[in-house]
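Starting from the known structure of chain A, arrange chains B and C on it as the hints suggest.
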Amino acid sequence: MAWLRRSEVVIAGILLLAMILIGLVNPAFWQADNLFSLMRSNVIIGIMALGVLMIMISGGIDVSFPAFAVAAMYLTVKFMLWSGYEGIAFAFAMAAMIGLLLGAINAFFVYKFRMIPLIVTLGTGSMVRGFLLGVVGTSMININKMPDGLIDFAKIDIVSMTKADGTTYGLTAMVLVYLGLALIVHMVLRYTMVGRGVYAYGGDPEAASRAGFDIRLILFFIYCFAGALAGFAGLLHAGMIWLANPRDFVGLELDVIAAVVLGGASIFGGRGSVLGTMLGVFMLVMVKNSLIIMKIDTTWQRVVVGVIIIIATAVTAWRDQKRKA
Amino acid sequence: MTDPFIELRNIRKEFAGVVALDDMSLTVREAEIHCLAGENGSGKSTIIKVMSGVYQPDRGEILIRGQQVPRLNPIASIDHGIQVIYQDFSLFGNLTVAENLAMNVQLREKHRLMNWRRTREIAREAVDRLGVELDLDAEVGHLPTAGKQLVAIARALMSDARLIIMDEPTTALTRREVETLFRIVRDIQSRGIAVLFVSHKMREMLEISETITVMRNGSLVADGPTSEFDEALITRHMTGSDIISEPYVWTPPSGAPQSPRLEVRGLGLKGAYEDVDLTIRPGEIVGLTGLMGSGRTELALSLFGMAPADHGDVKVDGKPVALRTTQEAIAAGIAYVPEDRLSEGLFLTQSIDRNILSTSYEALSPGLTIDKTRAAEMAAETIDTMQIATPTGDKLVKELSGGNQQRVVLGRWLLTDARVLILNGPTVGVDVGSKAEIHRKIRDLAREQGLAVLMISDDVPELVQNCNRLVLMHRGRLVEEFESAGTSEEAIGDKLKAFR
Amino acid sequence: MTRQFDFRSFLNRDNNIAQLIVMTILIFVVMSLLSPDKFLRYYNFESITYIFPELGLLSIAMMIAMLTGGIDLSVVGIANLSGILAGILFQKIAGEGGVAAAGLPAVLLGGAVALLTGLTAGALNGFLITKVKITPILATLGTGQVFTGLAIVMTGGPAIVGFPVLWSWVGNGKILGLATPFVLFVLIAAAVAFVLTRTPLGVNLMLIGTNPKAALFAGLKRERMIFYSYMMTGVLASIAGIMLSGRTNAAKSDYGTSYLLQAVLISVLGGTNPAGGKGTVLGVSLAVVALMLLSSGFQVLRFSNHLIDFIWGVFLLLVIALNAYKNRAR
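Chains as they are written, first to last, in full-length UniProt numbering: chain A, 1 to 325; chain B, 1 to 500; chain C, 1 to 330.
Just chain A, same shape as in the assembly (with noise of 0.2 Å):
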């Protein structure tokens, strides 16, 4: 019975336990338009914690994506409107383009000098957020200057119902891209000898180098794609809130840092897992979202994001502590 013991079977387990729960107090809980709008809001946390996640897995950490994805976010948007041009896929190839751009200074910095991710991610994430507002812009693009091409991808539905009292709502297609990067991400961390790598240097640098693993590719592709993750993810989110705030993420390291770490991945790498994080992004968005609907003050969420982080991370703590002994 190995499997029981798998950290993703164990925050599945949680998971189900508070669905139920919130489920007991609430059962609008349980009605397909609040599951929706719950799936809706993971989409933008899970893409970015999937870039989280690889580097969180190579021992590092990431505070610079959301001044990545903003940045690659707002200067899409500003490009497309210089240009007239509405094409999606050119727009979001270049957004994770601006995306990948900025990991490799990470990556280089990392790499080069061997300097602890935090810091470096720390002077990027500064850099290029105070590019943005001082050279590029502060002023935001509303919905009547969005480009329609990327508002209208952004609206696209799956399944679309409607209410008894008229009103329509639907799950959106952007869960599917959502799911769809998830699955690349495994892919290439199970079925690449790059992923494999990643793991490697996660639980040990020194012997990943001695067994020939070029870590120089490792670090620069982590970084490159965890950016190019999130410059993509900063478009989709303008898309979807059809709007370009270049003030918009701040704060949010800390919540996907803070789901990468419910779903089981170390901050000392090595382990992790797509699975384990995808649930840990739902666990933290349906915590924050579901305050609500169990008639608690919102002004509560930050407390209870915070007091779930100390237990997730006491109860890891303490089960090491027992490995170990």
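Hints were generated in silico from the structure; no laboratory data involved. Even glycine gets a Cβ: it sits at the ideal position worked out from N, Cα and C. A portion of the hints provided could be inaccurate.
Unchecked claim - A partial selection of chain B residues facing chain A, derived with a Cβ cut-off under 7 Å:
id, residue
1, 90
2, 92
3, 104
4, 113
Only chains B and C this time, still in chain A's reference frame:
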């Protein structure tokens, strides 16, 4: 005799002006079991790194199967069939046995994709080749040390090795595990693969090898068939001298019987040791030896409050003491010098003064602040009495030699009113000259200051020479006691051998 | 033993300090040349002395956490929560003349509440790190959310506006012609420096940060010392919170959020080793002053605040590169 596989000739290697290897030569023949002996710091690990291509020698030549190799880098070394099993095994604790076993092969085949079925096949083959049982799906981090070693050996065999270098492979193994290892090593040999066994444990060398090379201070001092060596000879070559200093003699003082410094009664810790009775009088140096896993280190840690015993009593100078924390142990007058100086004993990037005073800062602060003058005085005094070679106590400890570093660790305890001194491997990694001096210092401390010293070591000659009494530990019990006078190293060695 | 103070050897031994001094002077000179009439005005420097102490204290707090290889991501949460709790107290006990007229006893009580908040918060961090054994970065990530969250719960979101005049004096007033926060900063920084270099606590923290395992074998009270260090960090954060609320006459759950990253950055720029064992109050203070001069210079030159963030980030990366280069050259 087989043909030479690798020949190193007159190798010289300097690091920033420090000569690590000088005129070092080593020949390992095909399919032989060869021991490279030398004390810690003699250059063994440097020569390994030359063979594995990590270091390029400044001078000298390397021949593999008679062909000169101009530049040996890590990849070329592996391609030539040289595999090193490092002390830390270089395994990935977070991955499964199967993946660890197959990783090198897959990396060498330069696949971009990970084929899990192939991974299993490779792993299965590796385990079969070695003829051992290993759960391929277990996480390596959860395996015991011996299991990890098997994985490392199996992995090395998978890369068509012609020479497997094992760096101190028996350090963390129990005797039974050592036997399994030796069986495997012989098995490897029978397949035409050479094994270079790097060690400083004489008995094991004599037991397993056919050829021995001894090095000292970065140079070759002796080599030849194992049959030409015995323990005394290897020791002589390794240390450069017979240990001929006076044995330590302790005579019980006449007159009224003194109360013992340290008195241990019925001490036990579940799973580590039990029923330990031990008495050490002022001025006595008692040696404690036993195999790895005998419980000797746990006993020492219990006396220092780091792994508190679950039953039994300890008295210091006749007074019962509780040893639940290190602070309590220190307050009771017990001092401990750890096994691994670098990782457990020293604050490398701090000054000598701070290292010496580290245990005494609270005692040096009558109010809330440190009495700077007294601190400086005490540090200077310790540097003086311990004869630490430094112009100033401001120098960083990492700039000192091994012997001087050990004196810093020892000196720390002169300031805490220590009456019982526990030394775990007091001269590991210390050069020969300093070794004798450290021994003298320990004797002085015992004789002049009346300390009770408990010296734990693998090095039986060291114990016989420096202790007046010796205690043997086996499977968590003190099994035998000898007076050093009239006991030969061989006798104790034979006892130890019998435990295996 | 006489040890004369030799400035050159002092610089050699601690060339990080020298580097920071050179950097500060360089920034000063360049800014003076670029805009002599505006940068060199007394008013400009005076305003710096009002603004930098908050950030300076948070950076020193961060440095203390880093001494043992930790980090404190909850400092800004602690600062805001402290200011808010004091603010709520003042509103509750405000008499006839409103909050502004509150007397000295009330203000002292408020100060005690704020400091106690910092102490408790720091103790919670210390407990989670040393007893529950959560990695500092995760523990303080969690508590930071809780502290900020509690601040939101207490205020319901909007700022608490209106503090006693006496309280505002801490952030706005003058002592002997100097800015009160500046004077306070100098005093507190000196006190922290004293604790770190002249008391067992400080020296033990350095040793623990250098080699936690050796600290255990040397019999240092590792857990207790780390616990104290996070309490110190918490108290320093709450003092920063008092200054911030005094200066702005308001307290809000999301004030100074950019301070968190800046505090980490300044602490590293100031020569603190994030892996532990190395860090000085002087270095951190110089770094904060240098960066404040830089910011104010750019402000005088009409650069936006955002661009200053950009320059800070570039600065940090440059310092990383420079240090790596220096280490390799050695």
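Hints, one by one, checked against the model:
no.: 1; hint: 90; result: holds (4 Å)
no.: 2; hint: 92; result: holds (4 Å)
no.: 3; hint: 104; result: holds (6 Å)
no.: 4; hint: 113; result: holds (6 Å)
This entry satisfies every hint, going by the numbered hints stated previously.
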